[in-house]
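Sequence order for the protein chains is D and Y.
For the first sequence, the numbering used here begins at 2 and goes up steadily by one.
For the second sequence, the numbering used here begins at 136 and goes up steadily by one.
Because the hints were derived from the structure by calculation, they are not lab data.
Please read these numbers as outputs of a predicted model, since none were measured by experiment.
Possibly wrong hints are sitting among the right ones.
[Claimed, not checked] Pairs of lysine-lysine residues, derived as DSBU-like cross-links and limited to a Cα-Cα distance of at most 30 angstroms, are as follows:
#1 K290(Y) to K307(Y)
#2 K164(D) to K307(Y)
#3 K161(D) to K243(Y)
[Claimed, not checked] Computed far set for chain Y versus chain D, every beta-carbon distance over 10 angstroms:
#4 T204
#5 V212
#6 E228
#7 D244
#8 L301
#9 F310
Every residue gets a Cβ at the ideal spot worked out from N, C-alpha and C, and that includes glycine.
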Amino acid sequence: MNLFLQICIQGLMLGSMYAILTLGYNIIYSTMGMAHYAQGDIMMVGAFFALDFFVTMDLPIYVAIPLSVICNVLVMLVIERLAYRPLYSRSRTLLLLCTIGVSTVLRNAAQLIWGTQSFNFPTIFPGDIIHIGEVYLVPQNLWILGVGVVMMLLLNLFMKKTKVGRAMQAVSMNRSAAALMGVNMQTITMITYGMSAGMATLAGVMLAPIVKVYSTMGVSIGAKVMISAVVGGMGSMPGAILGGLLVGLVEALGGMYISTTFKEAYPVVLLLVVLLNRPQGILGRKKVVKV
Amino acid sequence: MEHVLSVEQVSAAYGSIRALKEVSLHVDRGECVAIIGANGAGKSTLMKVISGLLPASSGTIRYEGSDITKWPTHKIVAAGIAQVPEGRQVFSELSVLDNLKMGAYQRKDDIQPEIDTAFQTFPILEKRMHQMAGSLSGGEQQMLAMSRALMSKPKLLLLDEPSMGLSPLLVKTVFDTVRRLHESGLSIVLVEQNARMALSVADRLYVLATGQIELEGNAEELQQDPRVRDIYLGI
Numbered sequence: 002m003n004l005f006l007q008i009c010i011q012g013l014m015l016g017s018m019y020a021i022l023t024l025g026y027n028i029i030y031s032t033m034g035m036a037h038y039a040q041g042d043i044m045m046v047g048a049f050f051a052l053d054f055f056v057t058m059d060l061p062i063y064v065a066i067p068l069s070v071i072c073n074v075l076v077m078l079v080i081e082r083l084a085y086r087p088l089y090s091r092s093r094t095l096l097l098l099c100t101i102g103v104s105t106v107l108r109n110a111a112q113l114i115w116g117t118q119s120f121n122f123p124t125i126f127p128g129d130i131i132h133i134g135e136v137y138l139v140p141q142n143l144w145i146l147g148v149g150v151v152m153m154l155l156l157n158l159f160m161k162k163t164k165v166g167r168a169m170q171a172v173s174m175n176r177s178a179a180a181l182m183g184v185n186m187q188t189i190t191m192i193t194y195g196m197s198a199g200m201a202t203l204a205g206v207m208l209a210p211i212v213k214v215y216s217t218m219g220v221s222i223g224a225k226v227m228i229s230a231v232v233g234g235m236g237s238m239p240g241a242i243l244g245g246l247l248v249g250l251v252e253a254l255g256g257m258y259i260s261t262t263f264k265e266a267y268p269v270v271l272l273l274v275v276l277l278n279r280p281q282g283i284l285g286r287k288k289v290v291k292v
Numbered sequence: 136m137e138h139v140l141s142v143e144q145v146s147a148a149y150g151s152i153r154a155l156k157e158v159s160l161h162v163d164r165g166e167c168v169a170i171i172g173a174n175g176a177g178k179s180t181l182m183k184v185i186s187g188l189l190p191a192s193s194g195t196i197r198y199e200g201s202d203i204t205k206w207p208t209h210k211i212v213a214a215g216i217a218q219v220p221e222g223r224q225v226f227s228e229l230s231v232l233d234n235l236k237m238g239a240y241q242r243k244d245d246i247q248p249e250i251d252t253a254f255q256t257f258p259i260l261e262k263r264m265h266q267m268a269g270s271l272s273g274g275e276q277q278m279l280a281m282s283r284a285l286m287s288k289p290k291l292l293l294l295d296e297p298s299m300g301l302s303p304l305l306v307k308t309v310f311d312t313v314r315r316l317h318e319s320g321l322s323i324v325l326v327e328q329n330a331r332m333a334l335s336v337a338d339r340l341y342v343l344a345t346g347q348i349e350l351e352g353n354a355e356e357l358q359q360d361p362r363v364r365d366i367y368l369g370i
């Protein structure tokens, strides 16, 4: 039982970061109507920025994290300007193919710049293991879970209470009507990508001490992000959180009780189960098209 | 009199389908101009082109002297043109109040007076202010769409088929509102299939058919025109 609790917390910790990544993926999906395949690789680039600032340059963490976020947001905005923007008026399939291309380019660029080996990332939240009865808790896990929860609350507040958040929701519901309200689509597009990249960077920094930093780290995490999005319901914000947490839990529990060899496969099993029973995702809504 | 809006030889196309062919029309200050025509005549396309949602393939659109043909939609809205789009297009998962706030997206000043006006005009919206707009009936959504457009304090209001899908009683409510706005001095372009209602409020009328202006004139004169009577009024 104690072990089970420990594994659940481990799973929720991982899951909260998947949830943050998936929220970033979903705001792009709902505002821009496109699946951003390169989300995991954007996270990877953010983790490398953090590695440079925190480890190589030895900057304090509270400087290194904001700097990494800023750099990664700029990278994302350049990609948006050069690769995605010319394709908005074309078919969505082209845009999807383009994001796959961007994903490959980012991975290879990272190998050119930072090399192909994996780098250790020291823990940002040191501290002794906490005993509560027979349960052992790693402070880092609790911190990461806390950061995840705070980010989810902040995002929710932003979407519900600010003018820009409301505009992003309006754009996702009805693009042309939002334009008729005077929403500047270019600004909203850039804010969407910027927020998404910023959230991915934070998740990357949090995950870096656990999974290490390497050029292909975005591949398996990116796949889990897309699984979380589909499991929770594409474009749904509560769905992204639920999907992320479930994927984290399934991965941790499966790894403990079945075998770590198939760690990557458990989320896929979850995906299959959900798709067979609820194709629109657990919290997703069926699209009703009025004629 | 000075033209608020003038559309000069404007054409527009969806791919290879030409939806508008060198359409010219104008709206004077404080005037209510109706555009009537059958389904597919290009009425909504014209509205989209004026608001910048669809690019004009040729021609010029002038608003208060400036050439707005190539302006993005948000700049056109900022200049004072608001549109109530066809099919209402409310933000279904935002509350009624948030829909109204979206209408005032570009404003920096206090929007409470306009919210109060909207609630006075349509008291039902105040009752439903915290409900999702998607849960409203068609008529309520139309009232919301009109109130939302007015939140930007426009100088020119484009109304695209406000009577579509509404019961006769609600159609009357909507047109009473249009008449009141017209009397308050707002310039209005009203697109309608319901020619009889359109003629009852408009000063002037354009008849659009297959992307071209077929007839234009004073509303009273056109009411007597045999072609309008036959085809659009069915008398």
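- Item | Indices of hints not satisfied (ascending) | 2, 5 and 6
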